[in-house]
Amino acid sequence: MKKTLNILSAEEHVDDGDPKVLQLANDADPLAIEECLADIERIDLHFPKFTDGRAYSQAFLLRRRLGFTGDIRATGDVLIDQLVQMERTGFSSAVLKEGVDATDAQRQFDRFASFYQGDAVKTAPHFAAGN
Amino acid sequence: MGLHVVKNEAGEIGFRVQVGGGMGRTPIVGTVLREFLPWQQIMNYLEAVIRVYNRYGRRDNIYKARIKILVKAEGQRYIDDVEAEYKQILEHDGAPHTITQEEYDRVAASFVPPALATRVLQSAEKTDAELRHHAADDVQFARWLARNVAPHKNPALRAVTLSFKRLKQAPGDASADQLDTIAELADRFSAGEARVTHDQNVLLPWVHAEDLHALWIAARAAGFASANVHLLTDMIACPGGDFCALANARSIPVAEAITERYQDLDELDDLGEIDLHISGCINSCGHHHSGHIGILGVDKDGKEWYQVTLGGSDGSALSGTPQAGKVVGPSFSAAEVPGVIEAVLNTYRDTRESGENFIDTLRRVGHDAFKAAANGARFKVEEAA
Numbered sequence: 416m417k418k419t420l421n422i423l424s425a426e427e428h429v430d431d432g433d434p435k436v437l438q439l440a441n442d443a444d445p446l447a448i449e450e451c452l453a454d455i456e457r458i459d460l461h462f463p464k465f466t467d468g469r470a471y472s473q474a475f476l477l478r479r480r481l482g483f484t485g486d487i488r489a490t491g492d493v494l495i496d497q498l499v500q501m502e503r504t505g506f507s508s509a510v511l512k513e514g515v516d517a518t519d520a521q522r523q524f525d526r527f528a529s530f531y532q533g534d535a536v537k538t539a540p541h542f543a544a545g546n
Numbered sequence: 024m025g026l027h028v029v030k031n032e033a034g035e036i037g038f039r040v041q042v043g044g045g046m047g048r049t050p051i052v053g054t055v056l057r058e059f060l061p062w063q064q065i066m067n068y069l070e071a072v073i074r075v076y077n078r079y080g081r082r083d084n085i086y087k088a089r090i091k092i093l094v095k096a097e098g099q100r101y102i103d104d105v106e107a108e109y110k111q112i113l114e115h116d117g118a119p120h121t122i123t124q125e126e127y128d129r130v131a132a133s134f135v136p137p138a139l140a141t142r143v144l145q146s147a148e149k150t151d152a153e154l155r156h157h158a159a160d161d162v163q164f165a166r167w168l169a170r171n172v173a174p175h176k177n178p179a180l181r182a183v184t185l186s187f188k189r190l191k192q193a194p195g196d197a198s199a200d201q202l203d204t205i206a207e208l209a210d211r212f213s214a215g216e217a218r219v220t221h222d223q224n225v226l227l228p229w230v231h232a233e234d235l236h237a238l239w240i241a242a243r244a245a246g247f248a249s250a251n252v253h254l255l256t257d258m259i260a261c262p263g264g265d266f267c268a269l270a271n272a273r274s275i276p277v278a279e280a281i282t283e284r285y286q287d288l289d290e291l292d293d294l295g296e297i298d299l300h301i302s303g304c305i306n307s308c309g310h311h312h313s314g315h316i317g318i319l320g321v322d323k324d325g326k327e328w329y330q331v332t333l334g335g336s337d338g339s340a341l342s343g344t345p346q347a348g349k350v351v352g353p354s355f356s357a358a359e360v361p362g363v364i365e366a367v368l369n370t371y372r373d374t375r376e377s378g379e380n381f382i383d384t385l386r387r388v389g390h391d392a393f394k395a396a397a398n399g400a401r402f403k404v405e406e407a408a
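Those protein sequence lines, which keep their order, are chains X and P. Residue numbering for the first sequence is 416 to 546, as defined by my numbering. Residue numbering for the second sequence is 24 to 408, as defined by my numbering.
By construction, these hints were calculated from the structure, which means they are not laboratory data. The reader is advised that the hints may include incorrect statements.
[What the hints assert, rightly or not] Label-pair restraints from in silico Cβ distances:
1) Leu139(P) to Arg480(X): 47 to 57 Å
2) Lys464(X) to Ala199(P): 51 to 61 Å
3) Phe465(X) to Leu144(P): 54 to 64 Å
4) Glu450(X) to Ala118(P): 19 to 29 Å
5) Lys418(X) to Glu125(P): 26 to 36 Å
6) Val350(P) to Glu449(X): 23 to 33 Å
7) Lys464(X) to Glu114(P): 53 to 63 Å
8) Lys30(P) to Thr419(X): 51 to 61 Å
9) Asp210(P) to Arg526(X): 33 to 43 Å
[Stated by the list, open to error] Simulated crosslink set (DSBU-like; lysine-lysine; CA at most 35 Å straight-line):
10) Lys537(X) to Lys110(P)
11) Lys87(P) to Lys537(X)
12) Lys464(X) to Lys512(X)
13) Lys30(P) to Lys537(X)
14) Lys191(P) to Lys394(P)
15) Lys435(X) to Lys110(P)
16) Lys87(P) to Lys464(X)
17) Lys87(P) to Lys512(X)
18) Lys110(P) to Lys176(P)
19) Lys464(X) to Lys95(P)
20) Lys435(X) to Lys537(X)
21) Lys110(P) to Lys418(X)
22) Lys149(P) to Lys110(P)
23) Lys418(X) to Lys464(X)
24) Lys110(P) to Lys464(X)
25) Lys191(P) to Lys326(P)
26) Lys435(X) to Lys417(X)
27) Lys176(P) to Lys87(P)
28) Lys403(P) to Lys95(P)
29) Lys417(X) to Lys512(X)
30) Lys176(P) to Lys30(P)
31) Lys323(P) to Lys95(P)
32) Lys323(P) to Lys394(P)
33) Lys95(P) to Lys349(P)
34) Lys435(X) to Lys464(X)
35) Lys326(P) to Lys403(P)
36) Lys349(P) to Lys417(X)
Keep in mind that this is a model prediction, so the values were computed, not measured. The C-beta atom is built at its ideal place from N, Cα and C for all residues, glycine as well.
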């Protein structure tokens, strides 16, 4: 799969209270913030632990249901082997957890050329995508 | 998630969708979300089931971070949320995972019946006559035909269960040599196909009726022809403390002790179909909750003890509505267990009506007589000392 996810180190991630950046708690309903999205360029979604996957659903709903086209960024306990799922559920950037080497990430994207199931990026499943 | 393929009144195929069933420390029977969902929609629907769980499932306690806990706690609200999300997937997202007839056909082409032996088969009459002759000749073959051989949708074929339940054979185990033998039997008699069953046996699904006697001889030589399918000794047991790091107690010696006690096939046949399920800990890999008789290994003060439950059901035709068994009383020592099982089965024999299965007698008579018998089989203090 082609990597479009922008992978950032902790130092590269800027979090300075920019009003165009929205931080959404991982138990918040993304569908309730539709009206606040007009000037938002980036939404940060949080993974408090890698086992807590609520932000995947939030990203999917922001992309598919609300049609948000800005940056959706994963923060928190972000590990290499979550990056493919993040891209597929609608994230466009991810801040790696401290100590994780970004060069390992590419292998995960190289592992599978394509997927049977559709996702937030390629919405049609393999059998309906004309291939 | 439990999916049961069903037909509706119009004869269309779909799924009965159940969610939130499970065993473990909290046995729960799944809730039916849809009695009939057209097969084309199954992936769209399950996306809704999973998304609602991911968003609202508990995260504060790993024992409660289960879909069964969410469905039980929220009930109708969970169902309403799934239906609302499903509606969004259909109407807003455009139902992207609707399965097309073309995709159905592509997948179905991988599940055609195998090419069977091309030799000319003898007539069904001749086969029937031969089987009757062999059965009259050898009661063991007759028993095996009755117990281990099931009808097939192709009238020339049968489905045959290779039983792995006998003395010195831990339920669920197969050695490398046994696996080789299964492979040989599958190649010779079953179009190269064998299935592992829920009951820890191996099924040969494509056996010609006229090959049954030859298969029985080969299976018997390999030790796979115990005529005990669905009977008491055809039990389910997890590996237990002999192999498993999670276990609180051993399962295999308990299974072995019960198997040893019930070696008489006449007695087993007389007791009829009984589900006996043994788990070495509360994770329930041996499905003790759904056994007509369930045995659960527990740890008390570093010693192995066994809780006995009665009246569990897996929802099969034999067992009726699914439910978890009820505990008969304080746990028993390993040495007491065979006697407890015997006392329970004797109560069944004493109270059954003609032709009545164990589970039906238990339901008609009620648990009290069985509980009293089980607890009466405890060792007295001086015996145990």
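Practice task
Could you work out which earlier hints the structure fails to respect and list their numbers in ascending sequence?
Solution key: Structure breaks hints 2, 6, 7, 8, 18, 22, 27, 28, 36.
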